[in-house]
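**Student:** Residues per chain are reported as follows:
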Amino acid sequence: DGGITQSPKYLFRKEGQNVTLSCEQNLNHDAMYWYRQDPGQGLRLIYYSQIVNDFQKGDIAEGYSVSREKKESFPLTVTSAQKNPTAFYLCASTPPGRTLYGYTFGSGTRLTVV
Amino acid sequence: SQQGEEDPQALSIQEGENATMNCSYKTSINNLQWYRQNSGRGLVHLILIRSNEREKHSGRLRVTLDTSKKSSSLLITASRAADTASYFCATGTSGSRLTFGEGTQLTVNP
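Protein chains in written order, with the numbering used here: chain P, 1 to 114; chain H, 1001 to 1110.
For reference, chain P alone in the conformation it holds in the complex (with noise of 0.2 Å):
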């Protein structure tokens, strides 16, 4: 079956690491995107790419930083200059025709500081 998978499910950092969550897509969709989801509020865009090898910042890009080497893998790393990275990470994504089809989701990675 066709979907989105993000990895792992749950993820620690330590103060002053970078960590890099995976997006995986099997669904041949071109554009991606990451958004951050603090408990009790909406989404708000980290980063979005279109095509492969291109990419641009969303709303909340500072600190964080994407490739998109491949058209099925996008992910996206947490650097230490991301002041309050305890969160809820989604990726999701869209065929060509982008937002009139909707966004697939994955299933979230929630990264906590310790």
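Hints are supplied without guarantee of correctness; some may be wrong.
Some chain H residues close to chain P (C-beta under 7 Å, calculated; not the full set) [stated by the list, open to error]:
1) Q1033
2) F1100
3) G1101
4) E1102
5) G1103
Rather than coming from a laboratory, the hints here were simulated on the basis of the structure.
By construction, the Cβ of each residue, glycine as well, lies at the ideal position given by its N, Cα and C atoms.
Based on these hints, arrange chain H on the given structure of chain P.
**Tutor:** Frame of chain P, contents of chain H only:
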């Protein structure tokens, strides 16, 4: 900044009752979408309504859109305990980005 704002923030009803959630937004849109999120999970796309549409149905879901008031509503009829979740509206413009609201937490009591 959030484009959509849902109202109410939380809603508690009995099984079998209807649930209505509202969404207001600020700028012109191409489409508006509703998503559901079960606790600790990803979002699931429910329904999309284009800016030139006024009403859309899908099963027990009914969505309305009033572009003059920049608002939308989601009605879930004959609610079930399994409908308990957070519901988010999201607005789409001419680009590929969606902007999400902060959600309505719906609790359906058996």
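**Student:** Confirm or reject each hint.
**Tutor:** Now the hints, each set against the structure:
A distance limit of 7 Å between C-beta atoms decides the matter here; for Q1033 (chain H) the minimum to chain P is near 6 Å, and the interface restraint holds. With a least beta-carbon distance of about 4 Å to chain P, the hint placing F1100 (chain H) at the interface is held under the 7 Å criterion. The closest approach between the C-beta of G1101 (chain H) and any C-beta of chain P is roughly 5 Å, which is under the 7 Å cut-off, so the hint is satisfied. With a cut of 7 Å, the hint placing E1102 (chain H) at the interface with chain P holds, because the nearest CB-to-CB distance is about 4 Å.
Contact between G1103 (chain H) and chain P, as hinted, is supported at the beta carbon level, the nearest pair being about 6 Å apart and thus within 7 Å.
When the structure is compared with the earlier hints, no violation turns up for any of them.
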